[in-house]
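Engineer: Below are the chains, spelled out letter by letter.
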Amino acid sequence: MTWRSVHVLGLGVASSLGDGAEAHRGWQDLTPVMDEARFAPHPVHPLAPLPFDKTIPRRESRQMENWQRLGTHAAGLAIADAGLADRVAEMDLIVAAGGGERDAALDGQILASRPDEAGLHAALMNGLRPTLFLAQLSNLLAGSISIVHGVGGSSRTLMGEEIAGAETMRMAWARVAAGSSTLALAGGAFLAERPEIMLLHAMGGRLHRGPCVPMDEREGMVLGSAAAFLLLGTGPGMARLAHVATDQGPPEGSEARLDTLLAAAPPARPGAIEIWAGPFGTLRPGLRLADRFGHSVEAAFPLAVALGAMMVRDGAPEIRIAMRGAFRGEAVAVLEPSE
Amino acid sequence: MRIAVTGIGMVTALGWGAEANWEAMLAGRSGVRPITRFDTTGMRTRFAACVDLPEDRPGYPVSVAERSRRLGEAVIAEALAQAGLDAPFPGPLCIGLPPVEIEWPQRFGLGAGDYPGLIEAASGRLDLQAEFLFGGTATRLAERFGTRGVPQTVTTACASGSSAIQMAIEAIRREETDCAIAAGAEASLQPETLIRFSLLQALSTRNDAPEQASRPFTLSRDGFVMADGAGALILEREDHALARGAAILGYVLGAGEAADNFHRTRSTPDGSAIIRAMNRAIADAGLEPSAIGYVNAHGTSTPENDKMEALASHAVFGEEPPPISSTKSMIGHTLSAAGAIEAAVCLLALRDQMLPPTINNDDPDPELHLDTVPVARKHRFSAALSNSFGFGGQNVSVVLGRAD
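Order-wise, the sequence lines are chains A and B. Its first residue numbered 1, the first sequence is counted upward by one per residue in my numbering. Its first residue numbered 1001, the second sequence is counted upward by one per residue in my numbering.
These are calculated hints, taken from the structure and not from any lab test. Note that the coordinates shown come from a computational prediction; the quantities given were computed from them, not determined experimentally. No residue lacks a Cβ here, since even glycine has one placed at the ideal position from N, Cα and C. One thing to keep in mind: the hints can contain errors.
[As the list claims (entries may be wrong)] Which bits of chain A does chain B cover? Going by a derived footprint, with three or more residues having C-beta under 8 Å, they are: (1) 103-109; (2) 117-126; (3) 151-159; (4) 164-174; (5) 204-213; (6) 247-261.
[Said to hold, decoys possible] Computed footprint of chain B on chain A; a stretch qualifies when at least three of its residues, placed anywhere within it, have a C-beta under 8 Å from a C-beta of chain B: (7) 92-98; (8) 191-201.
Sequences are here, hints too, so could you generate the full structure?
Structural biologist: If you want it as structure tokens, here you go:
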């Protein structure tokens, strides 16, 4: 089997720091944007105001909530950045997704009234809006991207929190390398500012409490809204995605598995910079994604790859990305100059 | 290099185990019945193709996440036993699963009257985390069977099971592994999901005769029937299977996918996306359409799907498409598991040279011009096509081949 070289042809990012690649240039030195009040005692990095009304047709936007809007917006930025809007029909889409928005107000009414079984069902039958089901369905972020931007090659949605984000990168990279895809649009979106998301991630018992501190000093994770999509192809592009590898197993072997993945990656070039994309602090050297963005779960690994590609374009000799998931999963990626 | 199937597992409302299901399908039995595991008073649809568990208690049914895990575990164990394999399995788990979340019984169980209270009460509940994270169910299955690497958990709605098969054959073709488990498990039937699907007017409301409600390709079809179920295939490089002396049950010859960019719940009016998925699968198998001897239809029994699938069948196969049946007429629509279950059905059909029927076919829609196999019958054929068309525009077809 012959393997083709894989390059980043375009990217789209949006986060608490702003909209688009330019707003994220020099991200490691930008001041984080925090909201410590809304979900106190848990701080969160809120999504910057984004021009959804300009990038998503109104008719489509009405079928979505902000999680799908965020991802659809970022995917559109990636297509435009690559200048390949005329080739959307052949793009293979791979999205890492969590669940979309619940109706928090309806949930709140039901929680407050604690109805019996029949009362619960009546409240749901009377209170749920049909369109909200489409906004909540995980695979309809990919569906919305296809409809709004015309992406029509194929469509897959992966589940599994942060390791699913890493798997979108690995699967897109492997498909382009193996020749089973020509253009792969891959990434994810994560909207932190939602009570049901706070609830889900609180279950692990490691949501940071109190004022935000540097991640290596945190007792747990701080969540942050972000989306990142990359368009991968055979290039040349702004950076070469030289390597992506993932693994998973029981939690007690996680550090050893990550070490093995790093040892199997191409040897580091002089001046290589490492980005840590995990939710919790680490002893590893390098930059910490969550210090600037918080942890953006499904979007975290694609966001690190996108920021790394920008740093390579701006002159970094190599970017190495490493991550361990909060629950499970280990991943590494290596970016090099395209030429 | 061909990819062989060496193990099959299946659970549906018709029973536990592939052979029990196959026997019931050839007999044309329906697994659709009134829902008993929760109160359906006042609901527009009060029936489904249920796989209930002993742990289901009135008002406190087993969660979607846990039922999916239980059904997935059963079918993977069955398929591994047939393949002569055991944990640890030397390849990845590729599996279609439903999105999951904490449900009302667990929310109420946390004892709080608002979200801040729930968040506080749930803090550190590792049991809830392992159950309700999106990666939780697949992780527990992966660790139960000792599969390698990250479990490939896919949700392409009703195409998920077929996507899982496609991801597995891609990994084998890329030489990442010699073998893989391709599966789908589904248990979305809980009160809120049933109500949500009803609000979209996607479900049959034939409450007076549930066993007749799933009636694909008829004039009186009025929506799909929700169903629990799971299916699993053990896939191996043919030489790997032969080298270890495994019995080959059939082959996965190819898969094809296509995204529809027209509408969230409807196909492009000319059917081009589903035609593309079918054609790509047949081409990926290295076949001509004329080599396909049977189609296991997506066949959901919704007015829209069955019309579009008939249109696409004529576009792909011409005037006389091969026999096409929908086993959803008996087991309902198992959503995330449908692709895996229906690929397994195709392999059993190829093995026995028998076509499973589309039951309830007593008022066939004359505009469709299809041989929908109203009663099981003998048939000589060597390749079958399994269609899965997902809500949200994700379409996948898989081609299965007969063992030599």
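Engineer: Hints broken by the structure, by number, lowest first?
Structural biologist: The structure conflicts with no hint, since it agrees with every one listed earlier.
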